[in-house]
Each structure stands twice: as C-alpha cells, then as structure tokens.
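Protein chains in written order, with my numbering: chain A, 1 to 556; chain Y, 1 to 556.
In case anyone wonders, no lab produced these hints; they're calculated from the structure.
One or more hints might be untrue.
What the hints assert, rightly or not - Below 20 Å or equal to it, Euclidean Cα-Cα: the simulated DMTMM-like pairs (lysine to aspartate or glutamate) are:
id: 1; chain 1: A; residue 1: K326; chain 2: Y; residue 2: E188
id: 2; chain 1: Y; residue 1: K554; chain 2: A; residue 2: D323
id: 3; chain 1: Y; residue 1: K554; chain 2: A; residue 2: D5
id: 4; chain 1: A; residue 1: K554; chain 2: Y; residue 2: E495
id: 5; chain 1: Y; residue 1: K554; chain 2: A; residue 2: D460
id: 6; chain 1: A; residue 1: K554; chain 2: Y; residue 2: E188
Protein chains: 2
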Amino acid sequence: MTLADLRTSHENTLEAAIKANAERTFHAHWPEAPSGKIYGETANDEALARFQSQLNSRFDRLGAAETWMGEEASPYGFDLGITYPAYTVDELVDRASSAQVAWQALTPVDRAAILVEALERGSKSFFEIGYATQHTTGQGFVMAFQASGPHAFDRALEATALGLAAQTSFTSNVMWTKPMGKTSVSIEKSYRLVPRGINLVIGCSTFPVWNTVPGMFAGLVTGNSVIVKPHPGSVYPIAIVVAVLRDVLVELGLDPNVVQLAVDTAAKPLALDLVHHPAVGIIDYTGGPVFGAIIERAASEHRKVVFTEKAGVNCVILDSTDDLDKAMENLAFSLTLYSGQMCTAPQNIFIAKNGMMAGGEPVSVEVVATKLREKIDSLVFNEKTGPGTLGAVQNPFTAARVAEAAALGFDVIRGSEPVAQPGFDGSRSMSPLVLKTDTSRSDVYTKEWFGPISFLIVTDSFDESLRQVTDSIRQHGALSSLVFTSNPESMQRAEDAIVSAGAPVAFNFNSFVWVNQSAAFSDFHGTGCTPAGNATFADWQFVTNRYNVVGVRKQA
Amino acid sequence: MTLADLRTSHENTLEAAIKANAERTFHAHWPEAPSGKIYGETANDEALARFQSQLNSRFDRLGAAETWMGEEASPYGFDLGITYPAYTVDELVDRASSAQVAWQALTPVDRAAILVEALERGSKSFFEIGYATQHTTGQGFVMAFQASGPHAFDRALEATALGLAAQTSFTSNVMWTKPMGKTSVSIEKSYRLVPRGINLVIGCSTFPVWNTVPGMFAGLVTGNSVIVKPHPGSVYPIAIVVAVLRDVLVELGLDPNVVQLAVDTAAKPLALDLVHHPAVGIIDYTGGPVFGAIIERAASEHRKVVFTEKAGVNCVILDSTDDLDKAMENLAFSLTLYSGQMCTAPQNIFIAKNGMMAGGEPVSVEVVATKLREKIDSLVFNEKTGPGTLGAVQNPFTAARVAEAAALGFDVIRGSEPVAQPGFDGSRSMSPLVLKTDTSRSDVYTKEWFGPISFLIVTDSFDESLRQVTDSIRQHGALSSLVFTSNPESMQRAEDAIVSAGAPVAFNFNSFVWVNQSAAFSDFHGTGCTPAGNATFADWQFVTNRYNVVGVRKQA
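Okay, chain A solo, but in the shape it has when bound:
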C-alpha cells in the first residue's frame, strides 16, 4: 500500500464528497442500515463476539503502556471492565509534536486519502462500534450503529472533503511576473499551509464518535496532529476509530502518534492540562456549558482556536397543522428517541392558550396535550421497538434530573416510568416526562433539562411563543427548533425571527425526518452564533481556522 494507491483508490470518494458539500442533496457514502446484506452476513455475530471478548480486558489495539486505566459502565447495567493505555500530558504532547512534522509535510490530497482509507477500514467495524456505543452511551443498538457508524463517518468524510477543498482552492506555487513597461520582474512564489499546532478534541459521553470525528478529521486533514480526549465514560467506540487510523499510518511508514487517545478518569481528568499546554493550538470541545466556558476563556487568553458545542434549550411552537396525528407522532418520536439525550432534542413546546388549528379546526391545549401523550405512549409501549428507541440513560445525574423535574409540582401530561430492556435487567431506562406550565415559570424552563424532560408551555399567542423562542435562543442557545404552522405569513415571520436569533428552524415535520437529526453533506450542525457553541459541522470556518497560509518568495 502506497500513498499513490490511496490517492487513486479514494479520489472518487473525495470528489463526490466535495460535490455533495456544494450541492447539499442527499448523499451518504456509508449506508445507514445495520444490514448483513450491506456489511456482511457474519459482521454482526463477529462484532458481538469481539465486543464480548473485549469486556474485562485490555484494549490492546493502541500499543503498549506502563499504565492502563478505564472505568466505563454500561447504562444497561454492567461494568465494561476495559482498560486503555494511559500516558501523561507531556508524553502525549511530545509525541504529537514529533509526529506532526512529517504529517504537515504531506500534501492535503495525501492526508485526505489516508483519512478516507482509515474510514473505509473503520467501516468494517461498524457493528463493534455499534455495540461499544450502545454500552457506553445507552443508545439503542440501531441508533448506536447509525450514529457512531455511517452517520458519524459521513460527518468525518464531510470535514475531510471540505478541508481538502479549502486547502486546494488556490495554487501552491506560481511564477509571478509583473509587467513594468518594456521590462518585467519575476518572483517565484509558494504558499505553505502551516497547521496551528496540536489539535485537542474533547469528546462527550453521549455521542463519543459523532461529535468527535468532525473536529478530529478537520484537524488531521489540515495537517495538525490530534489528541482525542474522550469522556472517561465513553472511550471504547472512539478507541476503535483511533486504533484503525494508527494502523493505517504505521503501514504507510508514518508515525502513528499523528493521532493519539488520551485516556483519563473522572477523578483525575486530563482535559484542562491539555487545554493549557502551550503546544496545543486548537481545541474542539463537546460537553457541558460550565466547563465549555472555562475552556473558551483559557483558549482566548492564549490565542488558541476553539470550536465548541455546549448545550442549548431547543424549542417548538405549535400554531397550526394539516394533520395533528402526524405532527404529534413526529414530535413524540423526537422526545422519545434516546430519551431526550440528543443535543438537538426539543425541550420547550410553546402553544397559545387558545390551542392550535388542526385541519382548519381549533383544538384546545388539553386535546393537543392528550394527543402528544398518546403518541409517546404508543411509541414507548410498543414492545418491539419501544425499548430500542428509548435506549438507556447514560448518566445517573440525568435520571436524578427526571425525578427533580417530576417533583416541581407542575401539571403532569405524561409521567416517566421505568422501562424494561429485554436481556438487561439492570438497565437505567425510563420513558419521557412531559410537564405543563405557563410563561410565569420561565425561571424553570429556560434552563436546560438534559434528558427525557419536556415542557408544554402555554402562552398568550403565537407572537408571544415566537418571542419566547427567540429570547431563549439569544440567551441560552439552541441546536434546533421546530415550528408547526400552516400559515405562510406566520411561517415567514418565524423563519426570519429564529434565523436572525441564530438557530436553525424546521417546519411541519410529519414524516420520517425528525428535528433531532441532521444529515451530513446537507444540514449544517450547529450554527456557531448562539451561546450553544461556535462550531458548525462543517462550514468553512470549521476547517480554515485550523491552519494559516505563509508565503515564500524567491527572486527568479
């Protein structure tokens, strides 16, 4: 395997991805179905066996180490018992600095080809990544397969292709000749792309691959060496991806420390020491807003580039719909999927006190509330698909938050109850809690209630609902918003107001697309202009801020 082979093998993939980024029509390089027909009839069984044999043993695909650590526990009720090679901050940074020299000397095309090769190889492990994700995040298996497998890998390819497009958008060298009357002067120019330094990528517990690979691959394609610091509760899925990429680098005779895994524990975290290290020039962060603000401050004081996805409060407005059943089915699924643990899941649902219009007829708040409860019930109590849709709750704090919300004393539209996960008696699984309140309790609902917790909030009017939503976006950020209205004037007004406030907006979703989801190559994830964070997967900023252009001029 040579670099030339890889360039040839992956040229079409990269070209198609670059084109998809521009056209933004449907594009998926890896099919999302966890199907044996696509990924091999034995892939699932082999992955399950590998997963089980990995439990309670060292993850030995990342090389040797003196210290091994790990503390992952499945939200389905058992400890994983996996340990990973652990290194000090200085060891990680020194090795990353050494590895970067040769990596940044490669052309962007070479780097992109290597990264696609790693993704293609990694895709052979989608089922294992799926089980690893299920038993660290609590996602149901199908979602875990999709979110950490094809959907995440498409996001990685998207960032890789965009980074390649940016870096090759102007010539790398030119003979510049300036006419000067009867004579001329020539200068031989070249333009060198200088990566900003080590790219630290700090992952989260709920989407350990999907939220990590965009920054990781954007950093790598632009010539930075990358240190991935996963959440100590969700290491296994991204460890597989890092290991595959290191294997490819070794086969090419490159230093595998171009990408490293920095494992830590909740008791002895590494993140801030890495953030403060002077050799770290770029930080990608997904996680809570408090620690996110600390990182942003540290980065800005030391001229580091930082991309954050923190948290927002996502809002819905109910105004009118052609089909109340379909609308509430769609919304119910968004509230139920992975128990509201997506950064894009709705939390606050605003409805005017007169209710909403459905098929031209007025329906009261109570009727809408009942309909929503029924739709959630039919999802949750479907024995075949309910448990898998809900998954388990990643973190005990999230479970405690559900109890806290239930104790607020608000009207309960739908109470949360334990849900059994077949085969996993100890799972931390529960159904969505939906509460009803009004705008007098904005002290409560304007904060993020991460998990299966939502509020139906009664307002005076559509206008007040819209004002509540835009105020919330400006103050607390948002990763999504959803409006049901069949009134074109209201739709335009809502679009203008919400877009100006900085959040993406969806209208009248009533089918197999949900507001929580964003599609690689088409939907930009995160707008970058609300308190929810400054990262967008993947706009130009997301790649071009990771390197600088330095000119070299020689008298010709």
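Model the placement of chain Y on the given structure of chain A, informed by the hints.
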C-alpha cells in the same frame, strides 16, 4: 442604475478577481501609475484643486450633523483644518443596526456588485485620495497614490471577490430527497447566511486606506454593516472612500448607513466604546500592540470576532549573494521607503561576524555596512527621487524615537539627518538611522523601533542568525522577513524554520520588488500566526468568520 445593471457591469471584474485569487499570478484591476494617460489628463490638477479647496472647511460629502470635528495635520508642516460630521456611539450603532436589515437581505452577488461599483467610482478620486494620504500619513505623493489608490482598491476587490466566492460555494436552497427502500422522504432546505453583526474597522495613521478597506469590504460583502473608525490623524483619505460608497447606496435606494465614518479625537477616543458595544460583532484593528491586546481581550470575553494587525519586528539575514550591490540597493530601498514606517519594513539585519559571501568572495561586516550606507546615501541624496521616496514622518513620537535610538551609544553606520521636502519647509522629514550592535544587546533590538531605525547585528554564524530570527518571530511577531543566501541548503533550512515560526520569507530580492511590498491577489499580507496579529489579507478565515450559516428545513 439598478442592481441588475451593476451585476452585469461588474460580473467580469469579479470573475477575474476570483480567478486571480485562485491562481495568484500578477493581477491588477487598477493600474498603479499615477498617469494622466490612464486616469485622465486633467485628473491631477482637478484633484489638487479639490484638495486645496477642502482644506480648512467641512467635509460635506457625508451628510449633515450637529457636531463637526477634525484635527489632522500634515507631516509636511501645516494643519489640514478639515472637520467631519461627528456622531455618538449610540447614534452610529443604531443607524448601523437599522441599515443592516436590508443589506443582509441582498444576495452576496448583489452586495459584491454594489461594492465594485463604489470602487470604480472611488477610483476616479485616486489623485485626491493620493493628496489626502500624502498630507495625513507623510507618504510621498507617488506612494500615497499607489498605496491608498490602486493597491488598496485591489485589496478591497480581493476581499470582496473572496467573500463572494465563499458565500456562493454551496447552494442556497435544495430539495433533499432521501431514498427509503420503496419510498422516500423530501425536505425543502434553504441555507441563510447570517452576518455576525456590526463590523467595526479601526484604522491606523500610516495606511488609512490600505489597511482599512480589506476588513471594510470583507465585512460588507458578507452582509454586515460597517463602522469605520479612522485614526484621528488620518481621516480624509478613507472619508472619500466611505462617501463614495454611501452615494452609491443612496442612488440604489438603500440606507447609506450600511457604512459610516466614526470620527473622534485623540483626547476623546471612541474606539473602546464601540468595541464594547454589544451590537458590534466583528472588529478589524490595525495599530499598536498595546491597544490591540486590549481589544483582543475585550473581544474574546464577548464572543466577538477580531482581526488584528499590530506590529512585528521584521528581520533580515545576510549570508551570501551573487551581487552585493544589487542586494544592498534592494535592502537600502526597503529601509528608506516611507522612512521605515511600513509594518513590513525591515528593522534587524543579522550578519555573521565573518561577514558574508559576495560573488564567491568573502566580504567583511565592515564592507557590507559601508555598502549599505552608500546605497542609502545615493537614494536619500538623489534630489529628484530622494524626498519622495522618504516622505515625511507621520508622528512626532516617531521622530523622537529616532533621537532616542541615536542616543543609545551604538556604533553608527549611518546617522539620520533632516531632509528638505521641496515646497514644504515645515516638513518632518529625515533619513534612515542605521546602527551596529551584536547579540549582547538583544534587550534593545528585539523591541519594535517603528520608523527609520535599523540595526545591523553581528552574530556568531548563519545558524545563530537564523535562531535569532525565528525566536524573534515567535516572541514579537513579524510581517516580513528577508534572507540573502546563494546556498541552496541554507535557503531550504531558512525557509522551513521561518515558515514554521509563522512569518513570510523572501529570498535574494535584488530588483524592483521589495520585501515591504505585498501584491494583492498574489501575496497574503500577514500570516495570522504570530504575535503581530491574526489577520491575513485575504485568506478564507478573513471572510468566512464574518457570517454563519443557518439552515431552514420545510417538510415537502
């Protein structure tokens, strides 16, 4: 005049500029020669008359105001006596916010066409801009014409074209259809570009147009309204540009407050109040590092985007050359041009104690120093071109700094003396001071000595010179660097080391291109990765960080 007319008129100009940005061969939309054949035989006389009638009167091209202020004084020895309409920060911000609504609703193509129209009209005033620049900055007339006229306008066009290219690099709307087995689901998507808010552009006294228009036009083409806050000592040149752009906006029925001039005085500066205003989202700053650091801190605390060009210490290494005369002529010109008041002018010239090789023969430090002095002398004492090349010193503090340097007690290679500017008896004009020292006095020469002050610094070896240069770049930043070497191995080593440190590097300049100059559409000005500042005219970051992309999805 309609938008459609402008789109048609300027389509070729924008296409050619976009192509030039990619290919980076020689491209100049406006010829640099201040020639009547190009710009009209009467252009110079008319401009001089207009300049003279503008002196000691209100600059009435920006509309009415209750308060008028101005305190410009020509470095050639007289007060300009011009006053400009003055507004409060709240007035400026309120008007900018109102104007932005319609401006951001235009397409990027429309905005770019309007901006090119304004540049074309502004180019009719190149001669007046030249006189205005000469008598605020102190530049000689030819340089003033070029730097604030064609060269600056090319930089404005470069930023406009790059901003247009970025914003049109992906579709603005698409019907997205996802195949789902035998069925499919469609979503109608659009992508809205949301400017980050008001773009404040803070100018400097020495390059009031060249350093202002890149940020100004990048901000405008990406949908931001712009407030230009010039240095109170150099208002007139950029006021002409702002006035022309406002005229074009009015003719199109648009709010002229899309671009405003914020005039202040040294005693009552407006900059910090504008920086801190919550409606200001982007700040471009050219100026000193102390105030620059204050702005950077204020911006980072409030999630504002900031582009800075502060100051660096530019270095030269003398190792070997084929032709010592040509090399020293080139260097002498760089030290003399505009009395070292360019941010790209060399300051520290490193030479090994054994001297350098010239045409294969060793020459001593003393011989090189003498040659450099002679070349400066022949430039300065050329009665025809000397005064115009030197120009005048913008600021009394710069003149005082020359005296301070002369009093250091260092060996004097060339003393600075007053220079007469024909026709301007009171001009603050002086020739370059060149001092000799060694690395024991790094406490002195590692700081910026802005103005006609340079140091020939004797080191142990080429290696030590190179180490001095890279250390200096990392600690103090640089906007340029220049190496004379005919040794290919040394050249490669210097290139790698200096580029890694983050500064651009030029080799063996011996002709009509000087290290101080950077050519629009070809040379990136500023690398963005040294303490000298984070702005690059114009890389992708320079335009793409000024807006965000917000998605709108509708169930189809």
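Status of the hints after comparison with the structure:
Straight-line distance between C-alpha atoms of K326 of chain A and E188 of chain Y comes to about 18 Å, which keeps the hinted pair within the 20 Å bound. A distance of roughly 15 Å separates the Cα atoms of K554 of chain Y and D323 of chain A; the hinted pair therefore holds under the 20 Å criterion. A distance of roughly 43 Å separates the Cα atoms of K554 of chain Y and D5 of chain A; the hinted pair therefore is violated under the 20 Å criterion. With a C-alpha separation of about 10 Å, the suggested pairing of K554 of chain A with E495 of chain Y holds against the 20 Å cut-off.
At roughly 26 Å between alpha-carbon atoms, K554 of chain Y and D460 of chain A are farther apart than 20 Å, so this suggested pair is violated. A hinted pair counts as satisfied when its Cα atoms are at most 20 Å apart, and K554 of chain A with E188 of chain Y does not qualify at roughly 51 Å.
This entry does not satisfy hints 3, 5, 6, going by the numbered hints stated previously.
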